[in-house]
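With the hints as a guide, dock the two chains, each given alone in a separate frame, to form the complex.
Protein sequence lines correspond, in order, to chains A and B.
So the first sequence is numbered by my numbering: it starts at 1 and just counts up by one.
So the second sequence is numbered by my numbering: it starts at 360 and just counts up by one.
Bear in mind the hints are in silico, worked out from the structure with no lab data behind them.
Check the hints yourself; a few may be wrong.
Some chain B residues close to chain A (C-beta under 8 Å, calculated; not the full set) [as the list claims (entries may be wrong)]:
(1) Ile476
(2) Ala479
(3) Trp481
(4) Ser483
(5) Ser486
(6) Ile494
(7) Arg574
DSS-like cross-link-like pairs, simulated, lysine-lysine; straight-line CA separation at most 30 Å [unchecked claim]:
(8) A:Lys5 x B:Lys394
(9) A:Lys279 x A:Lys229
(10) A:Lys279 x A:Lys341
(11) A:Lys102 x B:Lys489
(12) A:Lys67 x B:Lys394
(13) A:Lys50 x B:Lys394
(14) A:Lys110 x B:Lys489
Incomplete in silico selection of chain A near chain B, CB under 7 Å [said to hold, decoys possible]:
(15) Ala44
(16) Asn66
(17) Ile68
(18) Ile77
(19) Phe81
(20) Leu339
Note that CB positions come from ideal geometry on N, CA and C, so glycine has one too.
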Amino acid sequence: MLKVKLQQSHPIALDVDLYCNNGEILALVGPSGAGKSTVLRCIAGLHSPKQGQISCSNHEWFNSANKIDLTPQQRRIGIVFQNYALFPHLTVKQNICLALDKSEHTNTQKIDNLLAQVNLTGLEQRYPEQLSGGQQQRVAIARALAREPDVLLLDEPFSAVDKVTRRKLYLELNSLRQQLRMPIIFVTHDLDEAAMLADSMVVLHHGKTLQQGSPQQIMYQPDNVAVAKQVDVRNLFEGQIVMTEEGHQLHWHDLVLELGDIEPFHHQQAICWTISPAKVILHQRVRPSRGEQENPIAGQIVEILTLRGITTILVAVSKANNLIIQMDVSEHVAQRNSLQKGQQITMSIIASAIHLMNR
Amino acid sequence: MDWQAFEVSIKLALLTSLTLLPIGLGLAYLLANSKFFGSVLLEAVITLPLVLPPTVLGYFLLVGLDSTSFFGGLFFSLTGHTLAFSFTGLWFASIIYSLPFAVQPMLRAMETIAPEIREAAWCSGLSKWKTFFKIELPLALPGVLTAMVLSFSHTLGEFGVVLMIGGNIAGETRTLSIAIYDSVLAFESAQAQSMSLILLAIALASIMIVFTFNRSRSRVVRL
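This is chain B alone, in the form it adopts within the complex (with noise of 0.2 Å):
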């Protein structure tokens, strides 16, 4: 059992979702409450991950990463670090990576909220952010909670972009995933059964999480 494999990946998927719960809450809210010019084409380009092969998405964040690209060179004349083959460069594609789970779940939960809600809050005095946090936050919290558990669990598992971006290097890029596919090619399947056994818990255990908190909590609010 990888123990540093599985730091990694666990840190990597907190402050990946983490830092989902903002990001996704502001492009969700900007979806579900206004329609502008390019609007459909934003949606599009936060949900392309999901269909994108995700050995396609790592070259392309690879080559955007790069210290000779824009982005990259920024990044080195900054902090005098590469991204790419590091862990911050893997933090920063695996939010591009879990982008549409953090984001469409949150969009959804916030377009069943009424608009009358949303204007009944307003005339009743509450500004644009105190309507936010007391009215619609709460009610959008199921599908908040499913984009916190999804990404997490997203991120936790992800192969191709992983390998593109961070290789392997352990202690800094190195996932559970990656160690599994070590271990198989190893042939060392213990390790890796016991690897897998331990995603396949977590992975199970966050969308039972989800799922009892949105039962109860359909039994005191019916949205």
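So here's chain A without its partners, still in its complex pose (with noise of 0.2 Å):
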């Protein structure tokens, strides 16, 4: 297990804590200078930070207090960059062989057995330039592998590709990890990335994790509105708790709408809420169904997009100010419905998914 506490206001502001579990993928996220390459270079021991704690395996790799600061050679580290930083006069072979300890530097089947886990037999002899994108990001991973490393650190790797070479390394990397027992930390800004490869995230903004969790957790159950922003979560509307005889209810606008388990918070208290929009049911206007009284909210098509299936509908609700909520619905629901832009349309609030959050 791999565990990190980081601390500095300078050059760049650093309050990091997290962790990651053997044969785990943590993903870091957040936007352009939000640290994340400088939480992976403190990990990796290439930049050492004003305060703080790095432990993997129960081994310590940087204590400030203790003054230990490993080297990146002490630190048994792979690491994959986002240009992958191949050695260009080197071939796919010699790259991986200097990796090697040196007792292992004529171990053929080492090398031929990385070459295999990454797709990459026959082309050992072939330098960095004479390989494609998607061949030159294996190449760095076998020799992030060769080290045989306590934990696999990947800078943005799916970055410098192209979506088909993309969508391709994403299936490799899933099918890799199975095979692999140390934690993988990986970092992107790409959210449905993140999303689709990690076990858990991380959300960095200005340095500062501000919630590690499940993607799931993260997407659709931010625990403030900071994260919420930085997740670019949609349907996020802010309103007022109201305690009835009845149970706890959200004000919003002119709506009132019914809660689940709501223990942290308090009556008349003023929060911000999220629904997922995959949670915002379509009433169909031929076929009611029996869960359509659930917070049922009229509003006005503004716009609809369809995408792999998925079609997305943008809904103005007169109750709320005119406000858009969000709803996802597969394809052939939408065309079933014959849902057009302008047009009258009712739908339910599940109320066991509004997520309410402190403003």
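Structure representation (structure tokens):
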């Protein structure tokens, strides 16, 4: 398990607290300049923070209090840089060999296994410039794994390849991780990429970790508004909690919505709330369902967009000051209901899916 | 044809360029990899011989190497020889004079190596020394070769500094450039022409060696 705690005020402000279990993929997400790569460099030993601790499998790599700061050579890390940083004057095989322990330089079996692991068999005599972007990334991964690292670090590994190659590499990384037992940390600013590949995510903003959790938690149950904005949650609104004899309710402009369990909030507390676009249920005009009475709201469709089988519908809610609520339905549902721009529709907001946050 | 002057010139150029190899590598590595207080001043001082008139540089070196100066006096007390008007003094002066020709190509070559390449080597377990010899030096090789050829050719052709520091002592400080000058003054134009052609041929061959090497290398490795 890798544990990282970092604090510094300059040159880049850092206030980081994260962990990654063995065999787990942790995604560091955040906008450009959030400090993602700096955190990775701290773990690798390429940057020494002012204060903090970094330990991996109970070995201390960095401890400012005890003045422990192991060099990158002493840490046993595998790192894949954004531009792969392959040694251009060496062949694929030589690139990998260089990262092997001296005793294993002639271990051709190990080199062959590494090449096979990343689907590079037959390309060992090529130079980096003779390889495609995807192949270069595989060499970088094989070189990183050659050291049998205690932690694998990937710095925006998919940003330098085209979309088609990227999709292929996602699948390869996903199958490769089944064979790996070390913590894997990868930096990305692509939330979809992080949600697809990672077991957990850390949101970084201005060098501070805002939240660590599963992709589901981060995307649909952010701890606070700052996280919600960083992960660009849809349907982020302000409201007020009201306690009645029937339980808690959410007042949203002229609408009153029923809520699920909301223990930490109190009567008349001003809050922010969000709901996943998938949890906003369209009422079918021809065939009403049993759940349609749960927080029913009406509105007018202002935009319809369809991408890969999912139709995103933007609805202006008149009783909520014409605020726009987003609803995602499958394409065939949109077609069956003949949804069109300007059409009046009704929908339900699932009470248990409403997520509340402090303002 | 003054073969003795030819021998002195070749010996001086070879010794100077070989001495500049470690000095140039060290300075170029320092300037390329660390931004420290005074690094701009250091680079400016190294580059100074490029813009300073050779006679001015020669004058300062002559004063600095004189046995009454600190450095010249120290050398005299250690060896019993003076630096001024000696081959050793000439060698020392040539190192200073050709320093920018060695450092600048090496520095430019090292600056083109992405920092991530060096860091990837460290993270692969290579020590800083191994990273230098196995990664950085091979990648900077075209710049290193250019530096060697330039400092060799530049030393071979130097005139002003040689005249100021070394004078014109046959077999000791009399180089081919001085011999050409002497021949012209003595109206021995055939001798001046043959020696000038030799220097021209060496200069042309040196530059062609660098170009050929760099072209053949860029076909294999695109940096």
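Hints versus structure:
This hint holds: Ile476 of chain B has a C-beta 5 Å from the nearest C-beta of chain A, less than the 8 Å allowed. A least Cβ separation of about 4 Å between Ala479 of chain B and chain A falls short of the 8 Å threshold, and the interface hint therefore holds. For Trp481 of chain B, the shortest C-beta to C-beta distance to chain A is roughly 4 Å, which falls under 8 Å, so the interface hint holds. A distance limit of 8 Å between C-beta atoms decides the matter here; for Ser483 of chain B the minimum to chain A is near 4 Å, and the interface restraint holds.
For the restraint placing Ser486 of chain B at the interface with chain A, the shortest Cβ-Cβ distance is roughly 6 Å, inside the 8 Å limit, so the hint holds. For Ile494 of chain B, the suggested interface contact is upheld, since its CB lies about 6 Å from the closest CB of chain A, less than 8 Å. Among the interface hints, the one on Arg574 of chain B is violated; its C-beta lies about 16 Å from the nearest C-beta in chain A, farther than the 8 Å criterion. The straight-line distance between the Cα atoms of Lys5 of chain A and Lys394 of chain B is roughly 28 Å, inside the 30 Å bound, and the hint therefore holds.
Proximity of Lys279 of chain A to Lys229 of chain A is assessed by CA-CA distance (about 19 Å); at most 30 Å being required, the pair is judged to hold. With a C-alpha separation of about 21 Å, the suggested pairing of Lys279 of chain A with Lys341 of chain A holds against the 30 Å cut-off. Distance check on the hinted pair: Lys102 of chain A and Lys489 of chain B sit about 12 Å apart at the alpha-carbon level, within 30 Å; holds. A distance of roughly 25 Å separates the Cα atoms of Lys67 of chain A and Lys394 of chain B; the hinted pair therefore holds under the 30 Å criterion.
In summary, the hint linking Lys50 of chain A to Lys394 of chain B is supported, as the alpha carbons are separated by about 20 Å, within the 30 Å threshold. About 23 Å separates the Cα atoms of Lys110 of chain A and Lys489 of chain B, which keeps this hinted pair within 30 Å; it holds. Interface hint status for Ala44 of chain A: upheld, as the beta-carbon distance to the closest one in chain B is roughly 6 Å, under 7 Å. Interface hint at Asn66 of chain A: violated, since its Cβ lies 23 Å from the closest Cβ of chain B, which is beyond the 7 Å cut-off.
A distance limit of 7 Å between C-beta atoms decides the matter here; for Ile68 of chain A the minimum to chain B is near 18 Å, and the interface restraint is violated. With a cut of 7 Å, the hint placing Ile77 of chain A at the interface with chain B holds, because the nearest CB-to-CB distance is about 6 Å. Of the supplied interface hints, the one on Phe81 of chain A holds, with its beta-carbon coming within about 5 Å of a beta-carbon of chain B, less than 7 Å. Using the Cβ-Cβ criterion of 7 Å, the hint placing Leu339 of chain A at the interface with chain B is not satisfied: the shortest such distance is roughly 50 Å.
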